[in-house]
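S.K.: Below are the chains, spelled out letter by letter.
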Amino acid sequence: MSTSSPQYLAFLAAVVLLLPMLPRGGPRIAAIAIVSCAWYAIFERSHLAMLALISATAWVGGVVVERMRGDQSKRAAFTVALGLTLMPLFAFKYVVPATGGAASGWTLAAAALPVGISFYSFQAAAYLIDVFIGVQPAEPRFWRFAAFMSFFPQLTAGPISRGRQLLPQLPHLGEFDAVRAVAGARALLLGFFMKVVIADSIAPVVEDVYSQGAAASATDLLLGTIYFSFQVYADFAGYSLMAIGAGRLLGVELPQNFAQPYLSQSLTEYWRTWHMTLSAWVRDYILTPLQLSWRRSGNIGLAAAIVVTFVVVGVWHGGAWKFFWFGLIHGVLVMVATLTARRRSRFWLRSGVPQHALAIARVLGTFSVVTLTFVLFRSAGTAEAVAIYRRLMTGPYPPSALPLLWPGLAIAVLITGDLLARRNFTPDRLPAAARWTLYHAAASTGLAVFLWRYLSGNPVANQFIYYKF
Amino acid sequence: MTDFMTKVQGIFREVFDQPSLEIYDAMQAKDVEGWDSLTHVTLIMAIEEGFGIQFSTREVMGFQNVGEMLASLRAKLPN
Numbered sequence: 178m179s180t181s182s183p184q185y186l187a188f189l190a191a192v193v194l195l196l197p198m199l200p201r202g203g204p205r206i207a208a209i210a211i212v213s214c215a216w217y218a219i220f221e222r223s224h225l226a227m228l229a230l231i232s233a234t235a236w237v238g239g240v241v242v243e244r245m246r247g248d249q250s251k252r253a254a255f256t257v258a259l260g261l262t263l264m265p266l267f268a269f270k271y272v273v274p275a276t277g278g279a280a281s282g283w284t285l286a287a288a289a290l291p292v293g294i295s296f297y298s299f300q301a302a303a304y305l306i307d308v309f310i311g312v313q314p315a316e317p318r319f320w321r322f323a324a325f326m327s328f329f330p331q332l333t334a335g336p337i338s339r340g341r342q343l344l345p346q347l348p349h350l351g352e353f354d355a356v357r358a359v360a361g362a363r364a365l366l367l368g369f370f371m372k373v374v375i376a377d378s379i380a381p382v383v384e385d386v387y388s389q390g391a392a393a394s395a396t397d398l399l400l401g402t403i404y405f406s407f408q409v410y411a412d413f414a415g416y417s418l419m420a421i422g423a424g425r426l427l428g429v430e431l432p433q434n435f436a437q438p439y440l441s442q443s444l445t446e447y448w449r450t451w452h453m454t455l456s457a458w459v460r461d462y463i464l465t466p467l468q469l470s471w472r473r474s475g476n477i478g479l480a481a482a483i484v485v486t487f488v489v490v491g492v493w494h495g496g497a498w499k500f501f502w503f504g505l506i507h508g509v510l511v512m513v514a515t516l517t518a519r520r521r522s523r524f525w526l527r528s529g530v531p532q533h534a535l536a537i538a539r540v541l542g543t544f545s546v547v548t549l550t551f552v553l554f555r556s557a558g559t560a561e562a563v564a565i566y567r568r569l570m571t572g573p574y575p576p577s578a579l580p581l582l583w584p585g586l587a588i589a590v591l592i593t594g595d596l597l598a599r600r601n602f603t604p605d606r607l608p609a610a611a612r613w614t615l616y617h618a619a620a621s622t623g624l625a626v627f628l629w630r631y632l633s634g635n636p637v638a639n640q641f642i643y644y645k646f
Numbered sequence: 032m033t034d035f036m037t038k039v040q041g042i043f044r045e046v047f048d049q050p051s052l053e054i055y056d057a058m059q060a061k062d063v064e065g066w067d068s069l070t071h072v073t074l075i076m077a078i079e080e081g082f083g084i085q086f087s088t089r090e091v092m093g094f095q096n097v098g099e100m101l102a103s104l105r106a107k108l109p110n
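Chains A and B, in that order, give the protein sequences.
Note that the working numbering numbers the first sequence so that position 311 is 488, with each residue one more than the last.
Note that the working numbering numbers the second sequence so that position 64 is 95, with each residue one more than the last.
If you're looking for bench data, these hints aren't it; they were derived computationally from the structure.
Source: prediction; values computed, not measured.
Hints may contain errors.
Listed next, with one range per pair, are the computed distances between beta-carbon atoms [claimed, not checked]:
hint, chain 1, residue 1, chain 2, residue 2, range
1, A, Y271, B, I42, 42 to 50 Å
2, A, S470, B, P109, 34 to 42 Å
3, A, A560, B, L108, 57 to 65 Å
4, B, A102, A, F524, 40 to 48 Å
5, B, S87, A, A289, 24 to 32 Å
6, A, S545, B, N96, 33 to 41 Å
7, A, A229, B, D48, 34 to 42 Å
8, A, A564, B, S87, 45 to 53 Å
9, B, L108, A, P197, 41 to 49 Å
10, B, E53, A, A229, 45 to 53 Å
11, B, P50, A, Y574, 32 to 40 Å
12, A, P580, B, E53, 38 to 46 Å
13, B, D48, A, A557, 23 to 31 Å
14, B, F47, A, A564, 29 to 37 Å
According to the in silico footprint, chain A covers these stretches of chain B (three or more CB under 8 Å from chain A) [said to hold, decoys possible]:
hint, segment
15, 45 to 51
16, 91 to 101
Backbone N, C-alpha and C define an ideal beta-carbon position, used for all residues, glycine too.
Given the sequences, and given the hints that come with them, work out the whole structure.
M.R.: Shown next as structure tokens:
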């Protein structure tokens, strides 16, 4: 069930209004765990047990790891707990698709990837690692841990919270704070707008192009791929903002997940600002340990750590080869960029090219690289992606019949919003009349689009792209 | 300032290329310009070399601030 659907918004409103009626602390925390599981059960009934199992494993694991005194027994308990916690994710992502699911005798519904499993598995894994290295006390109360794992605003696609951030906030669930509530409503509205008005209206154009694969014209493929870059950004950043907004309305601050990634001046900056909670997770739990383990190998160790990390990120998206290539290309590019960063900045400083021109060229260059690799992401497989790359390189580029005005406008709104955000603009700076005009415009555009889709027989709310990861 | 602290501070100043950097226990990566995942590894290696000790990966991952790093370092030094 999409969080931009009317059903979700009604559910969220009900929880926000009813939660403060319960006594503070324990009862509210237990209630959030229960309604989160109920929400998950509505669309993932066959996998509710999986969420419960992973949560229970991580909870028991955390308590046991903390209690172990000897270094060796602690390490053994940690290894077992982490392995058990990540096993379902591994099985659903790689084993079930490889065997077609049929070998295990599962029904089709049960063999499908459980929605959100990556996100709650990563959250559980981070918690266990933090307990093991001693920066996170184990949570002794199961209900509190269950609420942390299943917290519905972020359950299906993040942001991935750390135990240190979310667990201590849970006792404040349902506490009203006017400033936070306003910020929450604003994030919810902006996220809703990004998803419903921007992402969902570009989506059919992208689908039109990519359903033809390499048979589409080079112009259409180029335009369609650029559209897809903005679609996936508005989709995922919109979802993340809706999660953050819902969290604030419930009294909890979730971590930021996007910081204007398409304004990045380098690929490393892009990866710091795109899906930030996953990037931080990967940095802390994959890149850093690899870098530390291989630190005596100098630049070779560093290069290997970066490439391996990105390949893991690529393959996390799925077992298909196209994701491996996606990760490898980004890994090699980031590795080269990291190793040559100093030399390049010295070169450009001496070159005398004006800083502004350089910044614009860097932003465009970074965006181009990211967009080109999205071909792998969006295409049906590696073979099709290669055919599309070939078509893009050889042309010809005939005039395109794709719509330009509507997607162009949506993209312009998105970029303007990002440029304003970089200048720390918030609607607070506007006079009240202008501010409220903006809110009303965003909300009514969203509702109009809803209504128009409903009347024309299209699905009112499309699924988010990242649900399937 | 003790010899120990002077030596550690000297390593920090060299790694981050800031000759007037003053370290303190609660200091974290976000408090120092240029302290990212790359310079972090450089810093760890510089300290290991400077004091002739070794940290384990798990120890390094557990450091939440400079104070914790120093405590771990002190525990490894002969009295």
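S.K.: Each hint: holds or not?
M.R.: Right, here's what the structure says about each hint:
no.	hint	verdict
1	A:Y271 - B:I42: 42 to 50 Å	holds (44 Å)
2	A:S470 - B:P109: 34 to 42 Å	violated (26 Å)
3	A:A560 - B:L108: 57 to 65 Å	holds (59 Å)
4	B:A102 - A:F524: 40 to 48 Å	holds (42 Å)
5	B:S87 - A:A289: 24 to 32 Å	violated (41 Å)
6	A:S545 - B:N96: 33 to 41 Å	holds (40 Å)
7	A:A229 - B:D48: 34 to 42 Å	violated (51 Å)
8	A:A564 - B:S87: 45 to 53 Å	holds (49 Å)
9	B:L108 - A:P197: 41 to 49 Å	violated (54 Å)
10	B:E53 - A:A229: 45 to 53 Å	holds (50 Å)
11	B:P50 - A:Y574: 32 to 40 Å	violated (55 Å)
12	A:P580 - B:E53: 38 to 46 Å	violated (59 Å)
13	B:D48 - A:A557: 23 to 31 Å	violated (49 Å)
14	B:F47 - A:A564: 29 to 37 Å	violated (48 Å)
15	45 to 51	violated (count 0)
16	91 to 101	holds (count 4)
Violation of the numbered hints given earlier is confined to hints 2, 5, 7, 9, 11, 12, 13, 14, 15; the remaining hints are satisfied by the structure.
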